[in-house]
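Kindly generate the complete structure, drawing on both the sequences and the hints.
What follows is each chain in one-letter form.
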Amino acid sequence: MKIHIGADWHGYERARSLQQWLVSLGHEVVWHAAEQFDQGDDYVLWSVRVGEAVLTGEDNAEDVKGIIVGVDGNGEVIAANKVNGGRAIGAYSLPQVVEGRRCNNASVLVVPTAFCTDEEGRSLVSAFLETSFDYTVDNARRIVNTNEYENSKTIEGWAAADFPKPDEYHPATSN
Amino acid sequence: MYERKISHLRYLALAMPNFEEERDFFVKHWGLTEVHSEDGASWLGAEAVSEPFVVRLRKGEKRIDLIGFAANNREDLESLYTDLVAKGVKIIHEPKELTQFSGGYGFRFFDLDGRTLEVSVDVKEKAARPIKEREPIPVKLSHVVMNTVDLEATTNWYIEHLGFTISDSLVHPHMGKLMHFMRCNKAHHSIAIVQGPHYSLHHMSFEMRGIEEWMRGTGKILRAGTRMVWGPGRHNAGDNTFAYFVDPAGNTIEYTTELETIHDEEAWVPKELDVTQVSTQDQWGTANQFSEYVARESFNDVDKGMFVAAPF
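From first to last, the protein sequence lines are chains A and B.
Residues in the first sequence are numbered consecutively from 1, following my numbering.
Residues in the second sequence are numbered consecutively from 1001, following my numbering.
These are computed hints drawn from the structure, not numbers from a lab.
Treat the numbers as computed from the prediction; the structure is a model and nothing was measured.
Glycine is no exception: its CB is placed at the ideal position from the N, C-alpha and C atoms.
Among the hints, a few may not be true.
What the hints assert, rightly or not - To list a few chain A residues with every Cβ distance to chain B over 12 Å, as calculated: (1) Asp59; (2) Asn74; (3) Ile78; (4) Cys116; (5) Asp118; (6) Ala127; (7) Thr131; (8) Glu148; (9) Ser152; (10) Glu156.
Stated by the list, open to error - Mimicking EDC-like on lysine to aspartate or glutamate, the simulated pairs with C-alpha atoms at most 16 Å apart in a straight line are: (11) B/Lys1140 / B/Glu1061; (12) B/Lys1220 / A/Asp42; (13) B/Lys1132 / A/Asp63; (14) B/Lys1220 / A/Glu150.
This is the structure we're talking about:
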């Protein structure tokens, strides 16, 4: 798998360690953060670069994911999701990461150094890389509806404020 | 069962004033490949099929130029031609060597309503390659859907003249029959006919490799600024996933996957799906506010090409 990795100064060392580990597992890892440790550098640029690289890879049919390392991870999630089509989640527990892949087709994982040890971080990343999206139309619809809103401010052609009331519109909700 | 002489849907030829914009959209964003171009016209192929092209675009007043089908072989083509002449079908030209890109041998005629149809054989096929895993481009043209003002008359014409078979239908308890899905091979439908306010293209649909490719393609096309009008979801008729968009010429276009295959045609019983009972996903043209929006988009502009042969 091609894995784009980024981090600010808080996550730099942990990201370098993850990079080595992922390479040892046979992944192609692309480094997007500062080449050398850069005290005080911000997460925004690295987060956006990882998000953009993942989207470009998706458009080019690559088997691709992104990993960003931060302190609490919140800013990185917000920044990476500003990339059009971005699907970044924080890594806070194993079941939550598994659901993020299975239901949300998350493409970028933000590892928070404040909330996980090195070993826990690696197992969260493993779960992220190994869990497949479930390929149900219901989950696909939610992702595509979100993507549509992002681009046109509509959901299935409707502005959110004008969306038909439930008695006029019954989307299939089998789960 | 009537012995079918049509083997499959070949291509849809369209004309539009904003030809360049439409061509760029299909090549840059939709995922077709330009295989040939002439002044004001473009032939677009799908990577995964050897069919020389699946869409032809031409600069001109907006219309369906023609719908192209393949015959099983030259003998069936000649036989179909004789049959259509005997039935009084308006012929545009008799079977001959075709001069447009990819050549072949074929004839053109008008259907009941005046759409130009072509049946051909022996076209010069192109190289094809399998669509890669995760590649967000169409495998092939899946089906073409047309609006008509007399659903039963048009449907029966395709059954009696070209050997199509109804696979499933959509019906409404008050409005009656709304749409027939029709096959000419084991694919659940290659064409469909919809009761509309006028003659026009309802939509054309392109098959993606699978759900992953369908999702990636949908994301890509949304980011290109394309307006989405319906979906994504899964149809009851045909069991295929769908996502509908509007192209620069105002035609509705679909990415689909997993269209049902009818393995045993003898055992297949066509269903009449009540659109008020099935999920909203299939409510083409029904009365509620939501589907009126979808229906209006898919009514499309009035086709100016009825009983007017395309210039080439």
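Earlier hints that do not hold, by number: Hints 1, 8, 9, 10, 11 and 12 are the ones this structure does not satisfy, whereas the remaining hints hold.
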